[in-house]
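Novice: Residue numbers (our numbering), protein chains in the order written: chain E, 1 to 144; chain V, 145 to 288; chain Y, 289 to 432; chain H, 433 to 576; chain S, 577 to 720; chain D, 721 to 864.
Some hints could be false.
Said to hold, decoys possible - For lysine-lysine, the following DSSO-like pairs were computed, each having C-alpha atoms within a straight-line distance of at most 30 Å:
#, chain 1, residue 1, chain 2, residue 2
1, H, LYS520, V, LYS232
2, Y, LYS376, S, LYS664
3, H, LYS520, E, LYS88
4, S, LYS664, D, LYS808
5, E, LYS88, V, LYS232
6, Y, LYS376, D, LYS808
Source of the hints: derived by calculation from the structure; they are not laboratory data.
6 protein chains.
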Amino acid sequence: MSTAQHDIASTGNLDRRNHGLDVLSTIDGHAGTAVIDALAEISPALGHHVAAFAFGDIYDRPGLDARSRQLVTIGILTALGGCEPQLKVHVGAALNVGLTPDEIVEAMLHSAVYAGFPRALNATFAAKEVFESHGVRPSAASPS
Amino acid sequence: MSTAQHDIASTGNLDRRNHGLDVLSTIDGHAGTAVIDALAEISPALGHHVAAFAFGDIYDRPGLDARSRQLVTIGILTALGGCEPQLKVHVGAALNVGLTPDEIVEAMLHSAVYAGFPRALNATFAAKEVFESHGVRPSAASPS
Amino acid sequence: MSTAQHDIASTGNLDRRNHGLDVLSTIDGHAGTAVIDALAEISPALGHHVAAFAFGDIYDRPGLDARSRQLVTIGILTALGGCEPQLKVHVGAALNVGLTPDEIVEAMLHSAVYAGFPRALNATFAAKEVFESHGVRPSAASPS
Amino acid sequence: MSTAQHDIASTGNLDRRNHGLDVLSTIDGHAGTAVIDALAEISPALGHHVAAFAFGDIYDRPGLDARSRQLVTIGILTALGGCEPQLKVHVGAALNVGLTPDEIVEAMLHSAVYAGFPRALNATFAAKEVFESHGVRPSAASPS
Amino acid sequence: MSTAQHDIASTGNLDRRNHGLDVLSTIDGHAGTAVIDALAEISPALGHHVAAFAFGDIYDRPGLDARSRQLVTIGILTALGGCEPQLKVHVGAALNVGLTPDEIVEAMLHSAVYAGFPRALNATFAAKEVFESHGVRPSAASPS
Amino acid sequence: MSTAQHDIASTGNLDRRNHGLDVLSTIDGHAGTAVIDALAEISPALGHHVAAFAFGDIYDRPGLDARSRQLVTIGILTALGGCEPQLKVHVGAALNVGLTPDEIVEAMLHSAVYAGFPRALNATFAAKEVFESHGVRPSAASPS
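With the sequences and hints as input, model every part of the structure.
Specialist: Right, dumping it as structure tokens:
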């Protein structure tokens, strides 16, 4: 079997990818699968590994609940910077798994201490766009 | 008092925030306060801490003059990358506290040595936009 | 009052710092306060702001429980890289607020997806040192 | 001579810059020289050093062939993040020196292991734009 | 099968891991497997995914030869910074797959243009240690 | 001449390197030249470009005084992280060009706002080592 491990069209890898897509659709709705669809035209292998590895192998592990995984993910993506497209997907996922808008902006404020205010600001403005598209807002925010 | 330290609506924190906003308006004119106004709709606490901590507590300290603080800030924001919105605010602030366009682009050229040419290029093109909106240009630049 | 806002020896700032030190000692035991003590010899103002701002103003906010803050913090520090000293303090804090060794290494494995394997490896080996000093280990790990 | 070393208008530096521009035009066609032209209006010295140092001094060195240099460069720019403008220039250069679209997206998939999936995704979507403007596509990609 | 995808002790995952370990031992000799052995005591799952995913799924793909993968990897790890342990493993791997010491230090010099001199310096000094343990040196270097 | 531009042993490049070494010795005393000497055994070309480009071409430019260059450099190196060896050289250089220990730690405190507290902490502890080797200390620090 090992000779075919890298073959993303093998039955085993198709199963892994489909399982990852199931995990992804549970937490992300449409935004995550849209990314993988967009990759079909440029790098199907990257799309495969996002689904099969990132979501099928890792995200689905029982060691952390979905809420905890999203908190870690928001911390990472805020700190890395330049990941606004991915951060928006995961802010949507965070809402889907039960984090509130208040908790999400609080996590970003918390990030300012460790990653600096510019990263926290960029993340917060990215979250704002997602909140608006979901029709939600933090309770503490003033009406716009 | 300690139970209320995190309450951004307390009298003490309102004083701290207002002082920070005074510092900010002295150096930034409108660009910085516009960021804090935009945060009111999404994360008022982040806006509070930008004003109260970043400008009221730190920027206002006497240990470095405003010109020196802006040189450090330009170095940091150029190096971090992905902070073009914040860099534009601080390029404007740098002009306001007396750095010349020549000095600002020189600091960015200097950054290329330590942070690499892509960061220096992105910073320089961000500065170009600010210079144009302020109607200034480096003396060494050819007319466009 | 605003003229003295930057004076870390003022009564108000002493109160803020002491409150932050209380928050810090609750979650960190000795490791965090040791950092602030070490700063007394080089940058007391940096020590003040770690205590007063990072812990007194931000960490103590009610918007996220301590467990959630530590998950976000582990994500950030893993992603930033080069923050092993701070990561060790926060791995200890994570244990103190109830995260298990299994959850901590799981958060670092999760980080590999977004920040890459080298960052996850460095964080995991830093956690290993803290676990050893606390006499704990992940349940899934083989005895050394 | 040393007093004039920093003078980018000296004969020696003009020679160095022109040689760098020759190297650049060999590998990049128009995209790279367009960046240097754009710098004339804001930081001619930065443009000089991109040409004279980055391309004339370093890129032209015989120790690595052009294909190898582009592989290293794609790895660096993918990992740094926030360098999409520079990455696009170098994806074009990679095509010009003989790397195929399949090899370029493979290098970016490889980068996901070390720099994380968000950086690999951003790089791949940047490459997609360059491929489209060159009228090429990876062989494994599905028709759009 | 999908319910067991995250189970690293399943037959399928054991096969994937063993294949990855074979790939790793081909290119890395002992240094890489030593890392995975060290992970057994702290995060066996991280060790599994380094082997099964990073080497079994990705490194083994036919789209880039081993020499090209190592050039990309050196670029990434130099740029990220703080990855000296991983960089040393991959400098050893680079030697094993046929890159010369001259090519490796040339790739790091090239990195200075894009990631700055400090990253290039740190990488070069890390390479020096690996070269010494392999009893090799760049031809251009002066005898120590 | 262009065929020899990359030849670091040419007369022109030897002149450029020697001029850079003069600039470096003016600001750094021994620490900087020790780095270049160490490179002779591993990457003489990297040492050449540190001297000829970083110091001869850039640092020596008249557009910013040495004090301003060191402020920018401290900001960059603090923000990048993982550059403690280079930061120590430049803290020493900063002292040599007239920045006081108080100004240096103030610049690092200022960096906490933009690059986060962990980067500021690491930089400050690196500065502490340099101050001790120079026999100086910030005036605000308590005796150790």
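Novice: Now tell me if each hint is right for this structure.
Specialist: Hints, verified against the model:
| no. | hint | in the structure |
| --- | --- | --- |
| 1 | LYS520/H to LYS232/V | 23 Å, holds |
| 2 | LYS376/Y to LYS664/S | 23 Å, holds |
| 3 | LYS520/H to LYS88/E | 23 Å, holds |
| 4 | LYS664/S to LYS808/D | 23 Å, holds |
| 5 | LYS88/E to LYS232/V | 23 Å, holds |
| 6 | LYS376/Y to LYS808/D | 23 Å, holds |
Comparing the model with each numbered hint stated earlier shows that all of them hold.
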